[in-house]
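Construct the complete structure from the given sequences, taking the supplied hints into account.
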Amino acid sequence: MAEPGTAVERIRRPTSRAPRAVPLNVGGATSATPTSYGPKLRVGVTVSALFAPIVVASFGGHLGPVSLLLPLATLDLLQSFARMLAAYVLALGFALVYGYFAASRRLGERILIPVLDILQSVPILGFFPVAIVFFVQAAGQGSWVGPNLASIFLIFTCMAWNLVFGVYESLKSLPPDLREASESFSVHGWQRVRRVIVPATINRLVYNSILSWTAGWYFLVAAEFISTSAQTTALHGIGSYLLTAAGTGDVDALLAGVTVLVALIALLDVFVWRPLGHWAEKYRYDTTPSGEGEITGGPARTAPLRRAAGFVYRGVVTGVTRISTPLVGLALSATPARLRASGPKVGRAGRTVILGGVLILTWLLLIFLVVGTYHVFTGPISPLVRDQFLLLPAALASSFGRLVLAYLLSLAICLPLAIYLVGRPRVYRFGLPLVEIVASVPATALFPLFIFSLFRYIGFQGAAILMLTTGMLWYLFFNLLFGLRAIPPDLREAATSFGLDRRQYYRRLVFPAIIPALLTGSITAFGGGWNTLVIAEYLQYGPTHSFKVLGIGELIDVGNYEAGGFPLMVAALFTMVIAVVAVNELLWKPLYRRIVDKYRYD
Amino acid sequence: MPLIEIDRIDKSFPSRHGSISIMSDISFDVANSDFLAIVGPSGCGKSTLLRLIQGLDRPTSGTIRFRGRPVQSVCHEMAMVFQNFALYPWLTVKENVALGLEARQTPLDRVEAQVERYIAVTGLVGFEEAYPRELSGGMRQRVGLARALAVEPAVLLMDEPFSVLDPLTAESLREEVLQLWRDPQLPPEAVVLVTHNIEEALVMADRIIVLSRRPGRVLAGVPVNLPRPRDRKSPAFYELTDYVYSLITEGRTTVSTRGDAGPAPTTS
Numbered sequence: 001m002a003e004p005g006t007a008v009e010r011i012r013r014p015t016s017r018a019p020r021a022v023p024l025n026v027g028g029a030t031s032a033t034p035t036s037y038g039p040k041l042r043v044g045v046t047v048s049a050l051f052a053p054i055v056v057a058s059f060g061g062h063l064g065p066v067s068l069l070l071p072l073a074t075l076d077l078l079q080s081f082a083r084m085l086a087a088y089v090l091a092l093g094f095a096l097v098y099g100y101f102a103a104s105r106r107l108g109e110r111i112l113i114p115v116l117d118i119l120q121s122v123p124i125l126g127f128f129p130v131a132i133v134f135f136v137q138a139a140g141q142g143s144w145v146g147p148n149l150a151s152i153f154l155i156f157t158c159m160a161w162n163l164v165f166g167v168y169e170s171l172k173s174l175p176p177d178l179r180e181a182s183e184s185f186s187v188h189g190w191q192r193v194r195r196v197i198v199p200a201t202i203n204r205l206v207y208n209s210i211l212s213w214t215a216g217w218y219f220l221v222a223a224e225f226i227s228t229s230a231q232t233t234a235l236h237g238i239g240s241y242l243l244t245a246a247g248t249g250d251v252d253a254l255l256a257g258v259t260v261l262v263a264l265i266a267l268l269d270v271f272v273w274r275p276l277g278h279w280a281e282k283y284r285y286d287t288t289p290s291g292e293g294e295i296t297g298g299p300a301r302t303a304p305l306r307r308a309a310g311f312v313y314r315g316v317v318t319g320v321t322r323i324s325t326p327l328v329g330l331a332l333s334a335t336p337a338r339l340r341a342s343g344p345k346v347g348r349a350g351r352t353v354i355l356g357g358v359l360i361l362t363w364l365l366l367i368f369l370v371v372g373t374y375h376v377f378t379g380p381i382s383p384l385v386r387d388q389f390l391l392l393p394a395a396l397a398s399s400f401g402r403l404v405l406a407y408l409l410s411l412a413i414c415l416p417l418a419i420y421l422v423g424r425p426r427v428y429r430f431g432l433p434l435v436e437i438v439a440s441v442p443a444t445a446l447f448p449l450f451i452f453s454l455f456r457y458i459g460f461q462g463a464a465i466l467m468l469t470t471g472m473l474w475y476l477f478f479n480l481l482f483g484l485r486a487i488p489p490d491l492r493e494a495a496t497s498f499g500l501d502r503r504q505y506y507r508r509l510v511f512p513a514i515i516p517a518l519l520t521g522s523i524t525a526f527g528g529g530w531n532t533l534v535i536a537e538y539l540q541y542g543p544t545h546s547f548k549v550l551g552i553g554e555l556i557d558v559g560n561y562e563a564g565g566f567p568l569m570v571a572a573l574f575t576m577v578i579a580v581v582a583v584n585e586l587l588w589k590p591l592y593r594r595i596v597d598k599y600r601y602d
Numbered sequence: 603m604p605l606i607e608i609d610r611i612d613k614s615f616p617s618r619h620g621s622i623s624i625m626s627d628i629s630f631d632v633a634n635s636d637f638l639a640i641v642g643p644s645g646c647g648k649s650t651l652l653r654l655i656q657g658l659d660r661p662t663s664g665t666i667r668f669r670g671r672p673v674q675s676v677c678h679e680m681a682m683v684f685q686n687f688a689l690y691p692w693l694t695v696k697e698n699v700a701l702g703l704e705a706r707q708t709p710l711d712r713v714e715a716q717v718e719r720y721i722a723v724t725g726l727v728g729f730e731e732a733y734p735r736e737l738s739g740g741m742r743q744r745v746g747l748a749r750a751l752a753v754e755p756a757v758l759l760m761d762e763p764f765s766v767l768d769p770l771t772a773e774s775l776r777e778e779v780l781q782l783w784r785d786p787q788l789p790p791e792a793v794v795l796v797t798h799n800i801e802e803a804l805v806m807a808d809r810i811i812v813l814s815r816r817p818g819r820v821l822a823g824v825p826v827n828l829p830r831p832r833d834r835k836s837p838a839f840y841e842l843t844d845y846v847y848s849l850i851t852e853g854r855t856t857v858s859t860r861g862d863a864g865p866a867p868t869t870s
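Sequences listed follow chains E and X, in order.
Under the numbering used here, think of the first position of the first sequence as 1, with each following residue one higher.
Under the numbering used here, think of the first position of the second sequence as 603, with each following residue one higher.
Each hint should be verified, as a subset may be incorrect.
Said to hold, decoys possible - Under 8 Å between C-beta atoms, here's a sample of chain E residues computed to sit facing chain X:
| no. | residue |
| --- | --- |
| 1 | V260 |
| 2 | A494 |
| 3 | S497 |
| 4 | G499 |
| 5 | Y506 |
| 6 | R593 |
| 7 | V596 |
| 8 | K598 |
| 9 | Y601 |
To be verified - For lysine to any residue, the following SDA-like pairs were computed, each having C-alpha atoms within a straight-line distance of at most 20 Å:
| no. | chain 1 | residue 1 | chain 2 | residue 2 |
| --- | --- | --- | --- | --- |
| 10 | E | K598 | E | L587 |
| 11 | E | K589 | E | T524 |
| 12 | X | K696 | E | L116 |
| 13 | X | K696 | E | Y601 |
| 14 | E | K598 | X | M741 |
| 15 | E | K598 | X | E736 |
| 16 | X | K696 | E | E281 |
| 17 | E | K598 | X | S738 |
| 18 | E | K172 | E | L255 |
| 19 | E | K598 | X | K696 |
| 20 | E | K172 | E | V258 |
| 21 | E | K598 | E | L491 |
| 22 | X | K696 | E | K589 |
| 23 | E | K172 | E | V262 |
| 24 | E | K598 | X | K835 |
| 25 | X | K696 | E | G499 |
| 26 | E | K598 | X | T694 |
| 27 | E | K172 | E | S104 |
| 28 | E | K172 | E | E281 |
| 29 | E | K598 | X | L737 |
| 30 | X | K696 | X | V676 |
| 31 | X | K835 | X | Y847 |
| 32 | E | K598 | X | Y733 |
| 33 | E | K598 | X | E731 |
| 34 | E | K598 | X | P691 |
| 35 | X | K696 | E | Y505 |
| 36 | E | K172 | E | I197 |
| 37 | E | K598 | X | G657 |
| 38 | E | K598 | E | I487 |
| 39 | E | K589 | E | G356 |
| 40 | X | K696 | E | D597 |
I should point out that these hints are in silico values taken from the structure, not numbers from a laboratory.
Predicted model only: the values in this text are computed from it and were never measured.
All C-beta atoms, glycine included, are put in the ideal place defined by N, C-alpha and C.
Following this line, the structure appears as structure tokens:
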């Protein structure tokens with residue numbers, strides 16, 4: 001459909017573009033004016049495009065033992081990058097289509113969102129064996145295509161859900177008057193996609209893309225070291241490079257690998273994500289009502305933060321409605337109607353008991369189903385694996401204990417750091433980008449280094465807790481940071497105006513004000529923690545070295561690696577999912593309900 | 603000696619293109635028992651000026667004196683009523699009103715007594731245990747007012763206190779503030795009200811400082827000698843409204859012809 005607006009747009013657009021001649025060297029591009037990010041972006045794309053053929057060419061010949069030559073770290077890194085890029089493009093396309101249908105079709109919403117809920121509460125490493133078997137079989141044994149596809153698929157699974165929710169939520173939270181206006185002017189079809197749907201999602205999509213990439217790097221190590229009981233296939237990539245370096249104890253190679261990885265992440269941040277973030281700013285539609293235009297701090301500087309704060313708070317609302325895990329809904333609807341009818345009389349304690357009972361029963365049923373199904377279709381479970389089944393409760397308990405310790409450690413680090421940064425605008429301005437880059441360095445890449453240098457002092461338990469901390473820390477940190485930044489300036493001003501001293505300032509203003517952010521941060525940190533368990537409790541590097549502590553994540557891995565361990569893996573996975581649901585339903589949801597109304601601003 | 607002296611104040615903020623001057627060369631006094639209104643167009647720095655007076659912010663140059671002494675830090679003999687109330691959502695009405703008293707290390711029984719008194723004065727009895735979000739806008743601003751009055755300030759600073767309320771609520775709250783102001787038992791020796799509503803300024807204030815567009819300068823100090831309660835329908839009220847309005851809309855040209863404190867038209 002050709003509408004008059006398009007023609008005008010087409011004529012006007014070239015003039016608003018940045019100058020065509022773009023120097024190919026990075027240094028030249030940085031001197032571009034801070035407002036035009038087009039050139040920078042293009043340099044970034046060009047640089048990666050130049051390397052693409054080399055990378056693609058190098059895919060074929062790599063299935064032998066991983067070499068540790070220093071320059072190869074870079075080549076491996078670029079292979080990993082290519083995999084990440086492929087996974088991201090797939091995830092993006094998937095997110096747009098899936099998110100759109102979930103947001104715009106009633107039936108779609110009823111089915112697609114609960115499905116996604118389940119998918120995202122399963123730790124990605126649970127997909128491992130299935131994905132490997134499927135892709136390797138599909139591509140033919142010994143082909144380099146299969147393992148690569150499996151790896152890309154695994155990265156896809158840790159990138160996609162977050163993007164889908166981004167699309168879904170930004171379409172759902174489109175202000176009703178915008179939707180009404182587009183209906184009133186009968187904006188339909190392609191024009192609707194171009195003028196309403198895509199612009200509405202861009203801002204959130206860019207932000208969530210950054211998160212997806214961070215998650216992608218984090219799980220890359222695991223996703224490249226594809227190993228099952230049947231075969232061990234080390235793909236060439238920075239993840240397997242680091243693991244092999246750790247396995248052979250080559251610290252120089254390890255450091256070289258970490259260096260190039262951090263360099264690439266920093267480059268991407270500066271040349272891709274930051275410019276994109278600035279560009280996406282103009283698609284922001286949650287316009288906060290501003291005062292009468294008095295200058296108090298310069299809008300340009302505060303805008304991204306306000307945006308970020310908005311995400312955090314919208315995250316609280318949508319995140320917690322999302323916690324209403326469909327599994328529990330099913331379980332509850334299965335309880336006798338009589339029990340539910342007496343709901344108010346049962347009270348909170350009664351509800352907790354019933355819910356706990358339902359969850360334990362569901363758990364036993366699932367375990368029984370797993371064992372039974374395996375028995376029927378494959379045969380009896382080997383005694384070795386059966387013994388490990390008995391470890392499930394103890395494993396869960398020790399994993400949870402580790403999570404709690406790691407959480408407390410994270411909190412002890414994050415709260416003072418966030419308060420310190422927010423209190424000092426100058427440090428904040430330089431410190432935040434630094435912290436962002438540090439945060440985007442995947443701790444999994446450093447884990448081999450951790451084990452090497454630290455476990456002598458803190459033991460395997462300590463190393464596991466430290467690893468979990470790295471998987472939880474940043475969720476907490478950024479939520480707290482944005483919570484602190486989101487304290488309305490007039491509340492701060494009132495505190496100053498009425499002369500609250502330091503102690504009163506924290507007691508009356510700061511601590512109450514960050515409670516919602518602390519809660520969101522805690523919920524997401526525990527989410528990250530559950531996912532990290534799979535990596536933090538078991539790591540096999542090199543043929544002889546392995547690191548393991550008793551835990552639910554460890555049992556998932558053991559089930560994955562041991563012959564005949566498949567039912568154990570599935571059972572451990574179910575145990576973890578039940579535990580996640582239990583913590584959500586029995587801890588976070590009641591807490592959230594009690595807290596959020598009191599502590600939110602209007 | 604005037605209560606507050608504002609002496610050739612400049613204020614500018616750093617920005618990407620050098621510094622932006624918000625206000626320049628502002629001078630005026632606030633006398634004891636003065637009800638002063640500061641009016642001006644959007645962005646002329648009215649609210650900033652109010653913050654400079656209490657010492658929440660520093661002027662770039664010039665001095666502000668309170669009882670003859672320069673304001674170096676936040677002055678706790680003044681209390682502020684905020685445009686968007688600035689109430690702490692997690693504190694009850696009572697706790698919000700007690701905020702300033704707590705900060706002054708007031709003994710507990712005295713806090714109780716003061717809070718009770720000013721809750722009564724502002725018509726909040728029965729709402730002591732409510733949270734701000736459970737109150738209407740008008741009621742919230744009463745809490746803001748009670749909180750400010752409870753510390754018994756010498757100067758009450760009001761930053762567009764009625765601008766986010768609906769017109770009817772705003773009108774009745776204005777009346778009540780005036781009643782409180784007339785009560786000699788109640789604290790503030792002076793009130794400084796910032797508003798962009800000329801009528802509001804004329805209904806409430808004894809004197810109006812008119813600021814120009816950014817950078818804000820004092821266009822005129824207009825005494826309001828109309829009898830109270832002010833009759834908005836009187837010709838004199840109209841005339842004065844027109845005069846202030848024309849000062850603001852004509853902006854700079856008026857400055858050059860009339861100077862700092864131009865004579866007001868004759869008022870009855």
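Checklist entry - Out of the numbered hints, which ones does the structure contradict? => result 1, 5, 6, 7, 12, 16, 18, 20, 22, 23, 24, 30 and 37
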